[in-house]
Amino acid sequence: MKSILLHVEDDEGMEARLQVAMDIARAHGSHITCLQVVSYEIFAPGDFYGSAMMAVIPQLKEAAGNFRKKIETDLANEDVQWEWQCYDGVATSKLLERSALNDLIVVGPRDVGQRVQAPSSMIAELALRTSVPVLVVPPETERLDPEAPILVAWNNSSEACAALRASVPLLRKSSKVFLASISEEKDRDRYDFPPVEGAQYLSRYGVHAEVLDIPRDGAHVSDALFAAAKARDCGLVVMGAYGHSRLAEFLLGGVTRKSLSEPQLPILLAH
1 MKSILLHVED
11 DEGMEARLQV
21 AMDIARAHGS
31 HITCLQVVSY
41 EIFAPGDFYG
51 SAMMAVIPQL
61 KEAAGNFRKK
71 IETDLANEDV
81 QWEWQCYDGV
91 ATSKLLERSA
101 LNDLIVVGPR
111 DVGQRVQAPS
121 SMIAELALRT
131 SVPVLVVPPE
141 TERLDPEAPI
151 LVAWNNSSEA
161 CAALRASVPL
171 LRKSSKVFLA
181 SISEEKDRDR
191 YDFPPVEGAQ
201 YLSRYGVHAE
211 VLDIPRDGAH
221 VSDALFAAAK
231 ARDCGLVVMG
241 AYGHSRLAEF
251 LLGGVTRKSL
261 SEPQLPILLA
271 H
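With the numbering used here, letter number 164 in the sequence shown gets 164, and the count goes up by one each step, no holes.
It is worth saying that the hints were derived from the structure and are not from the lab. Predicted model only: the values in this text are computed from it and were never measured. Heads up, the beta-carbon is just placed ideally off N, CA and C, and yes, glycines get one too. Heads up, a few of these hints could be off.
As the list claims (entries may be wrong) - Distance windows between CB atoms, simulated:
1) 67 / 27: 21 to 29 Å
2) 86 / 210: 38 to 46 Å
3) 215 / 56: 51 to 59 Å
4) 69 / 220: 36 to 44 Å
5) 67 / 200: 45 to 53 Å
6) 232 / 55: 50 to 58 Å
Take these sequences, add in the hints, and give me the full structure.
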């Protein structure tokens, strides 16, 4: 993971994802591209000629410039390689576009201005439309210890396999890897890729994975996964993103949707 694409936005989670991006960069010798997108999509009822929008654009540009100076000042004191890219437009579109030559996208769990507990539409679009893994960092995250244990959620699917492959660089640094399955009625006849095959795949990279069968005990699958991860002092959960790119925010699978609505640890997603 030599190239990290970091979404820059003046929100409550910026400090957390900046810290996590730097933690990964130090561990892997990575370069961070700070991507700032200034959106002028302002809804002004009755503003048929755009006069209200034109009046506020200078304020938005000034605020974006001030925030850039703040983050650049912070980065100047850190021992990581970085660059800054700033565009006008829509953040999701630019992240998708610029992801082509990056190994990891780092984002927060909420869209700008989002108040309700629901999956970010941006995360859904990124996870389901790009081949690059997406790391979702909750605002309360203080850092990501590269040697902390990692839990990989496993349900025998091709999406779980994609997430496993995408996370190998991180798994190789981890002190312990857990391949965790939660048996559900609908999965009983599904034997596409049993956990042992995932463990065998990792062994070829020198990664030993402990296979777990986690009891659900009436809890939601995502809650059971996070509980198992926390009980084992994991710093990261890896999971496949299930769904379809068309209207992605509505078509994420149930476990993915629930996990992103209430993320309790950083989550690495791949599809």
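To see whether the hints hold, each was checked on the structure:
| no. | hint | verdict |
| --- | --- | --- |
| 1 | 67 / 27: 21 to 29 Å | 27 Å, holds |
| 2 | 86 / 210: 38 to 46 Å | 44 Å, holds |
| 3 | 215 / 56: 51 to 59 Å | 54 Å, holds |
| 4 | 69 / 220: 36 to 44 Å | 43 Å, holds |
| 5 | 67 / 200: 45 to 53 Å | 47 Å, holds |
| 6 | 232 / 55: 50 to 58 Å | 54 Å, holds |
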